[in-house]
Structures are given as structure tokens and as C-alpha cells.
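Visitor: Sequence:
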Amino acid sequence: MSTFNFDLSFINVSSKGDIHNCKSIKYDIKPDVCIYPSNIKTPDRCDVTKAEMMVEFKWNRGDDPFSTLSSASSFIMSSKQARDMIGQITIYASAQLGAQWRTHAYQILIIKNYACLIRWDHKGFIVTEPIFYRESPALINFF
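Each residue of the sequence shown is one higher than the last, beginning at -8 in the working numbering.
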């Protein structure tokens, strides 16, 4: 990402959850990457009050909570892994939206060789179809 100038700092916080702002949440708020504006003193751990966006990486396609099959009865997958994943990213979005005065927040979910952009608001979320980021510039164009 260093070849692109987004005016953003991408910080690996995968082992450094938010311990200051999320005490009332019984789950760890520990996304893999927090994206912060470059014009602030960048925290060295997750800080949901300052994060512009959160990124979660998964290496197993079974963790993908979203179905792209048109024949599926729901676009949310029903496996335990998928349900756990949707729960994890929902908690992250809830923490960020609860800590900031925002109408919406974005997340990036990267699973192996594709990514999904997720737009959250106080009523739910909208998710893109998989973006195969090695073949398409759509993810970079988002920034």
C-alpha cells in the first residue's frame, strides 16, 4: 500500500485490541488492521474512536459469511464458521458506530484472494460482490 498515497495509515492491530473504549463489550475488538487518518497521532493498537475503517483477513473460504449463489435462500451462509464471522464483523461495526458520531462505517473483509466492502449503518449493512483484487482495481479505486 505504500506506493499509493491515501492520506491514511494502515496499522496491524491484530494482537492489540481496544482496551480503553470497549470495556462494556464482552468480546475483544481486535480487527487485523485499523485504518486511521494520517493527520492524527496514530495509535499503536485498535482505537474505535479514531479508526476510519477496519480490515479483517481470513484464509479459509468457509469463513466467508456471504453467499454468491443466486439459488441460495439467504445471502448469509448458515455454517458455524460463517455465523461466527458475521458476528465478529458486526461487533466491530457496532463498536465503531457506537463510539463515533457517524451515519455509516465501512469495513473490508479479505478472504484469500478476494475482498468484500461492507457499508454499515444503524439499520444494517450492504455488501459488495467479491472483488478479486489481483485482477480488478475496484478495491484501490474505493480509496
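Worth flagging that the hints you see were computed from the coordinates, not collected in a lab. Bear in mind that the values here come from a model prediction, so they are computed numbers and not experimental data. The reader is advised that the hints may include incorrect statements.
[As the list claims (entries may be wrong)] Mimicking DSBU-like on lysine-lysine, the simulated pairs with C-alpha atoms at most 35 Å apart in a straight line are:
| id | residue 1 | residue 2 |
| --- | --- | --- |
| 1 | 114 | 7 |
| 2 | 7 | 71 |
| 3 | 41 | 14 |
| 4 | 21 | 7 |
| 5 | 17 | 41 |
[Unchecked claim] Each pair of labels, with its calculated beta carbon distance range:
| id | residue 1 | residue 2 | range |
| --- | --- | --- | --- |
| 6 | 29 | 67 | 21 to 27 Å |
| 7 | 59 | 131 | 29 to 35 Å |
| 8 | 93 | 11 | 17 to 23 Å |
| 9 | 67 | 18 | 17 to 23 Å |
| 10 | 133 | 59 | 27 to 33 Å |
| 11 | 103 | 14 | 30 to 36 Å |
| 12 | 11 | 131 | 29 to 35 Å |
| 13 | 17 | 127 | 37 to 43 Å |
Built from N, CA and C at the ideal position, the CB exists for glycine as well.
Visitor: All hints, please: hold or fail.
Guide: Verification of the supplied hints:
Taking the CA atoms of residue 114 and residue 7, the gap is about 29 Å. The hint holds against a cut of 35 Å. For the hint pairing residue 7 with residue 71, the CA-to-CA distance comes to about 25 Å; that is within 35 Å, so the pair holds. Pair hint residue 41 plus residue 14 holds up; C-alpha atoms about 16 Å apart against a cutoff of 35 Å. A C-alpha spacing of about 6 Å is found between residue 21 and residue 7, which places the hinted pair at or below 35 Å, so the restraint holds.
At roughly 20 Å between alpha-carbon atoms, residue 17 and residue 41 fall within 35 Å of each other, so this suggested pair holds. In this structure, residue 29 and residue 67 break the distance hint of 21 to 27 Å, their C-beta atoms being roughly 35 Å apart. Taken as a hint, the range 29 to 35 Å is violated for the pair residue 59 and residue 131, whose Cβ atoms sit roughly 22 Å apart. Checked against the given bound of 17 to 23 Å, the beta carbons of residue 93 and residue 11, roughly 19 Å apart, stay inside it.
In this structure, residue 67 and residue 18 meet the distance hint of 17 to 23 Å, their C-beta atoms being roughly 19 Å apart. For residue 133 and residue 59, the Cβ-Cβ distance of about 19 Å falls outside the hinted range of 27 to 33 Å, so the restraint is violated. At about 34 Å, the beta-carbon gap between residue 103 and residue 14 stays in the expected band of 30 to 36 Å. Restraint check, residue 11 to residue 131: a C-beta distance of roughly 32 Å satisfies the suggested window 29 to 35 Å.
Roughly 38 Å separates the CB atoms of residue 17 and residue 127, a value that falls within the hinted 37 to 43 Å.
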